[in-house]
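Novice: Residues per chain, in single letters:
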Amino acid sequence: MTSVLGVDMTGVEPGTSIIRNGLIDSVGLVRLAAFLETELGIVIPDRDVTATHFDSLAAIDAYVRRRTRTPA
Amino acid sequence: MLGLLGALLLAPLYWLVPAGRRRAVATGLSVAALGAIDARLLGLLAATTALVCGVSTLLPRIRDARARLVAVTGALGVVVACFVLHKTGGGAGGQALASQQGLSLLGASYLTLKAAAAILDAARGAAGPLRPGDVLAWLSFFPTYPAGPIEELGHFRDQTPHVDTARVLTGLERILFGLVKALVLGAHLGAWADGIVADPAGHDRLTLLAALYAESLRFYLDFAGYSDVAIGLAAVYGFEVAENFDAPFVRRNYVQLWQRWHMTLTGWLRTYLFVPVSRQLLRRLGPERHLAAVVAGQLVAMTACGLWHGISWNFAVWGMLQAAGLIWVGSLARPLGARLPAGLVRWWRRSRVAHGLAIGLTFTTFSLTIVFAVTDLASAGRYLALLVG
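One line per chain: the protein sequences are F and U, in this order.
Quick note: the first sequence, position 6, residue 6 per the working numbering, numbers continuous.
Quick note: the second sequence, position 30, residue 30 per the working numbering, numbers continuous.
Keep in mind the hints are simulated off the structure, nothing from the lab.
The beta-carbon is built from N, C-alpha and C at its ideal position, and this holds for glycine as well.
One or more hints might be untrue.
Label-pair distances were calculated between CB atoms; the ranges are [to be verified]:
no., chain 1, residue 1, chain 2, residue 2, range
1, F, T68, U, G337, 30 to 36 Å
2, U, V353, F, T68, 42 to 48 Å
3, F, R65, U, P129, 46 to 52 Å
4, U, A247, F, F35, 30 to 36 Å
5, F, T10, U, G89, 51 to 57 Å
A few chain F positions that, by computed beta-carbon distances, are all more than 12 Å from chain U [stated by the list, open to error]:
no., residue
6, L57
7, A59
8, I60
My request is simple: use the sequences and hints to build the entire structure.
Specialist: This is the structure we're talking about:
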């Protein structure tokens with residue numbers, strides 16, 4: 001995350017809102033989605049690139065787990 | 001104001017309606033109120049509801065990709081054409097906020113965004129066939145119809161209106177705060193600042209800068225005040241509506257400011273323009289051209305934001321300047337910061353003085369650009385020349 005987004009994620013709890021706390025913005029969302037698609041071989045539809053799925057490390061983890069089980 | 005007063009007077013009767021029927025009654029009241037304000041709105045609502053429901057029903061049945069594209073493009077074309085007519089048709093029939101001028105149909109700008117969202121969701125398979133009753137209730141909901149917040153269909157549709165004393169009192173308090181913000185503070189600031197922007201010659205630089213600060217605050221008070229009224233009135237009728245502003249002028253950079261300014265609009269722009277445009281370009285250009293993709297995405301989204309406010313060059317320039325600010329913070333400043341001395345970066349991020357400076361710098365930048373939202377291109381250029389010259 002730190003290398004992809006270029007921000008210091010030290011001390012960020014799994015449930016901390018990384019959008020409201022300014023650690024990630026729209027550009028970060030796009031960058032993170034591209035990274036996850038490339039590294040994990042999943043397809044993330046545009047409609048899923050939202051705060052609902054990317055607002056915390058826990059939310060991202062849960063989304064990725066769902067995505068790896070479910071085809072696009 | 002008359003609409004608000006009528007809605008508040010009718011509210012006690014509405015509370016007597018059984019919970020299961022409140023949505024239908026709220027829709028009936030909303031449609032009746034809008035029809036009383038301007039009978040043309042009834043036709044507009046009916047046509048928009050039919051278009052959205054028609055597209056959401058037909059699209060899943062169309063297997064051919066090109067035919068789907070034609071259907072979606074055609075439906076969006078109708079929506080955009082109506083929007084352009086609304087924005088360029090003139091008249092004062094569409095004014096909900098003091099800062100809105102020359103619109104022809106009340107709430108049509110917001111209706112356009114809602115309709116486009118529903119069509120694009122249908123195109124992306126995010127929504128199944130929609131029921132006309134749900135769509136009409138969502139489009140016409142009186143508290144949010146004239147000037148937002150722009151509710152998401154799912155969020156509005158899935159609510160069961162719930163009325164209790166605490167919610168009603170909170171709603172009434174919110175309405176009062178909103179009216180003070182918009183009609184007292186915003187209106188007075190606007191009246192003072194508009195005079196200076198209209199005739200800047202003869203004023204010193206400090207006054208010219210103060211007038212731009214005042215215009216920024218005026219827009220905030222006007223929009224946020226109206227949002228308070230809408231959210232409060234919705235609460236009186238038992239509905240929860242999305243928040244629209246969260247102290248945007250005490251944020252330390254442009255991205256944070258825009259994350260808290262007119263949040264339902266920026267959410268719309270992010271979901272339906274920035275993300276799809278930048279991701280599409282990213283796939284075509286490859287990860288090494290990431291910057292070009294997000295720059296293009298920001299330019300498209302924020303220029304559209306400007307043109308949504310007004311179809312003229314000054315609003316287009318205003319939108320592009322917002323994009324430039326977002327690109328600077330989101331894509332350029334961070335890599336540049338990595339080249340600065342670590343101590344300086346640490347000070348900038350942690351010091352209270354730096355925090356205050358950053359807030360002031362962000363607010364000043366926003367205020368300097370707002371001149372393009374309040375006057376034409378040539379006048380804005382003259383104003384800025386007087387300010388710096």
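Novice: Evaluate each hint against the coordinates.
Specialist: These are the hints, each one checked on the structure:
no.: 1; hint: T68/F <-> G337/U: 30 to 36 Å; verdict: holds, 35 Å
no.: 2; hint: V353/U <-> T68/F: 42 to 48 Å; verdict: holds, 47 Å
no.: 3; hint: R65/F <-> P129/U: 46 to 52 Å; verdict: violated, 30 Å
no.: 4; hint: A247/U <-> F35/F: 30 to 36 Å; verdict: holds, 32 Å
no.: 5; hint: T10/F <-> G89/U: 51 to 57 Å; verdict: holds, 55 Å
no.: 6; hint: L57; verdict: holds, 19 Å
no.: 7; hint: A59; verdict: holds, 17 Å
no.: 8; hint: I60; verdict: holds, 16 Å
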